[in-house]
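There are 2 protein chains.
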Amino acid sequence: MVDCIIIGAGVAGVSAALTLKALKREFLLIGSANLSNKVAGAEKIKNYPGLDGASGAQFVQIMKDQLLHGGISVTEGHVTGIYEGDGCFFVACGQEMYEGKSIILATGVESVKPIVGEREFVGRGVSYCAVCDGFLYRGKTIAVVCTDREEEREVELLAGYASKVYLFALYKNCTVNLPNVEIVKGIPSQIKGGTKVEGIVVGGKEIAVDGVFMLKDSACDTLYPALRVENGSVAVDRNMATNVKGMFAAGDCTGRPYQYAKAAGEGNVAAHSVSAYLGR
Amino acid sequence: MVDCIIIGAGVAGVSAALTLKALKREFLLIGSANLSNKVAGAEKIKNYPGLDGASGAQFVQIMKDQLLHGGISVTEGHVTGIYEGDGCFFVACGQEMYEGKSIILATGVESVKPIVGEREFVGRGVSYCAVCDGFLYRGKTIAVVCTDREEEREVELLAGYASKVYLFALYKNCTVNLPNVEIVKGIPSQIKGGTKVEGIVVGGKEIAVDGVFMLKDSACDTLYPALRVENGSVAVDRNMATNVKGMFAAGDCTGRPYQYAKAAGEGNVAAHSVSAYLGR
Numbered sequence: 000m001v002d003c004i005i006i007g008a009g010v011a012g013v014s015a016a017l018t019l020k021a022l023k024r025e026f027l028l029i030g031s032a033n034l035s036n037k038v039a040g041a042e043k044i045k046n047y048p049g050l051d052g053a054s055g056a057q058f059v060q061i062m063k064d065q066l067l068h069g070g071i072s073v074t075e076g077h078v079t080g081i082y083e084g085d086g087c088f089f090v091a092c093g094q095e096m097y098e099g100k101s102i103i104l105a106t107g108v109e110s111v112k113p114i115v116g117e118r119e120f121v122g123r124g125v126s127y128c129a130v131c132d133g134f135l136y137r138g139k140t141i142a143v144v145c146t147d148r149e150e151e152r153e154v155e156l157l158a159g160y161a162s163k164v165y166l167f168a169l170y171k172n173c174t175v176n177l178p179n180v181e182i183v184k185g186i187p188s189q190i191k192g193g194t195k196v197e198g199i200v201v202g203g204k205e206i207a208v209d210g211v212f213m214l215k216d217s218a219c220d221t222l223y224p225a226l227r228v229e230n231g232s233v234a235v236d237r238n239m240a241t242n243v244k245g246m247f248a249a250g251d252c253t254g255r256p257y258q259y260a261k262a263a264g265e266g267n268v269a270a271h272s273v274s275a276y277l278g279r
Numbered sequence: 000m001v002d003c004i005i006i007g008a009g010v011a012g013v014s015a016a017l018t019l020k021a022l023k024r025e026f027l028l029i030g031s032a033n034l035s036n037k038v039a040g041a042e043k044i045k046n047y048p049g050l051d052g053a054s055g056a057q058f059v060q061i062m063k064d065q066l067l068h069g070g071i072s073v074t075e076g077h078v079t080g081i082y083e084g085d086g087c088f089f090v091a092c093g094q095e096m097y098e099g100k101s102i103i104l105a106t107g108v109e110s111v112k113p114i115v116g117e118r119e120f121v122g123r124g125v126s127y128c129a130v131c132d133g134f135l136y137r138g139k140t141i142a143v144v145c146t147d148r149e150e151e152r153e154v155e156l157l158a159g160y161a162s163k164v165y166l167f168a169l170y171k172n173c174t175v176n177l178p179n180v181e182i183v184k185g186i187p188s189q190i191k192g193g194t195k196v197e198g199i200v201v202g203g204k205e206i207a208v209d210g211v212f213m214l215k216d217s218a219c220d221t222l223y224p225a226l227r228v229e230n231g232s233v234a235v236d237r238n239m240a241t242n243v244k245g246m247f248a249a250g251d252c253t254g255r256p257y258q259y260a261k262a263a264g265e266g267n268v269a270a271h272s273v274s275a276y277l278g279r
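These protein sequences, in sequence, are chains C and A.
Under numbering that gives the first Met the number 0, residue 279 is the last one in the first sequence; the count climbs by one each step, no gaps.
Under numbering that gives the first Met the number 0, residue 279 is the last one in the second sequence; the count climbs by one each step, no gaps.
Just so you know, the hints here were simulated from the structure itself, not pulled from any lab data.
None of these values were measured; they are calculated from a predicted model.
One or more hints might be untrue.
Remember, identical chains collapse to one label, so a pair may be satisfied in a single copy or spanning two.
[Stated by the list, open to error] Below, in silico cross-link-like pairs of lysine to any residue (SDA-like), each with a Cα-Cα straight-line distance of 20 Å or less: (1) K63 <-> T174; (2) K204 <-> E229; (3) K63 <-> D236; (4) K43 <-> K63; (5) K63 <-> L177; (6) K23 <-> L67; (7) K63 <-> D51.
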């Protein structure tokens, strides 16, 4: 039985792993050997201290190197459930069942059902983060798919960069009112393009755009029914403890802002909290 | 009047600045042009995602480059007080008085009164972080100055690396009991050495050591009397909001763990919270 099972190998999971290693704890890091396709698809990282304009692919490579140098391997697999044992947890992962004294959930967020072409063009015109990628579309034409009024500030931020914004506001009573923002009725069905995004299809018609921002609400994957979730995110305290004793969470699954720095910080704090929970 | 005044230009302050810039907010970043001597003195960084064994000096240089590329300058000065105005704050800094709609406190922690030689040997044998630097002392002899029983786990971590530990337990009822840990009575008066630490002085006698770990409790600098402080740290919620409306905090000043990743994450979250507080 290991001290901790980290579920998810994105920025939060990797941060937790590096810190648990420094704290000399035994753990499993379950995820993809590629760590995170979402991170790898980021065009340019500007607001993460220590990465001066690196690409997401570069960030992933550095994290892979860090795991290698720390002697940490990723246990590949998809976790399908977590079950409580006697002072421990069982984690079902494919045909395997792993046992750990504690859990760090670092599962990220699974966006709602993707549009045709959305996944294909991530990093090639499709972005999930106005703050991260908005500046790439200075003077360009973009589409923004927005499912939540809370994201309107980000729509306006994008409108400050782009010359023209086609806004798909998939909620009631949109309040965005800017001269260069055109509200489009209907739900987009497809993103099209060649090497990069060229257009978005709605009602059978294609609108030419240079990029598409998907500002979507996210559904948090709850692998453990008793886990407390608030507004679709795992509820945690300042120590990253959930309502379940011995279960911690970090990164995008705990809610906004969906940012690498937040994920790295929360993974670090969760690892320290796990160590304090385990005792000597 | 700027949207926000960030007090402190360590990792948390820089993270907040980079993110406020991405959010197109106007702000002042007050601190040292060298950002953080504490970071600059770190020998090797291992558990920060994105920095694979970089030195603290390298980390500082990357952050300086990021500020430069973001068009962000550091306003040099020492803040002596914060005063509330009518829906704004005034920040006294040397002969200047700055006005901001919001505040991010990123002041770090000022360790209790340093020992003679302590500051001089930071990065050359003096460390404040067992998790960060312990591995550098494999098989070596070290002194550990510990002011809080909460840090005993870190003492034991160090004892797992070093062959011999001289422990100055500056509190009652020390419970560390390991064959290679010798508890030394008295308060150390000086750290001595040449290019690196060579010894620590107690009761007029010098003990030869390769390194000194200062595991000290920290006093949080309260620039604003009404600010709520708990156990010496600024009390914050998950959004990094303090008890004072419009005043946020991030990094070491909000408490343990004193880690770069936590500081970067909290700076990022504080910036997003400031932006939400300011509205459109």
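The hints, checked one at a time:
Taking identical chains as interchangeable, the C-alpha atoms of K63 and T174 are never at most 20 Å apart, the minima being 43 Å within one chain and 39 Å between chains. Taking the closest pair of Cα atoms, K204 and E229 never come within 20 Å of each other, the shortest separation being 38 Å inside a single copy and 59 Å across copies. Taking the shortest Cα distances, K63 and D236 never come within 20 Å of each other, neither inside one copy (29 Å) nor across copies (33 Å). In this homomeric assembly, K43 and K63 come within 20 Å of each other (Cα to Cα) both inside a single copy, at 18 Å, and across copies, at 18 Å.
Taking the shortest alpha-carbon separations for K63 and L177, neither the intra-copy value of 43 Å nor the inter-copy value of 36 Å comes in at or below 20 Å. Taking the shortest Cα distances, K23 and L67 sit within 20 Å of each other inside one copy (16 Å), while across copies they are farther apart (38 Å). In this assembly of identical chains, K63 and D51 lie within 20 Å of each other by CA distance both inside one copy and across copies; the values are 18 Å within and 9 Å between.
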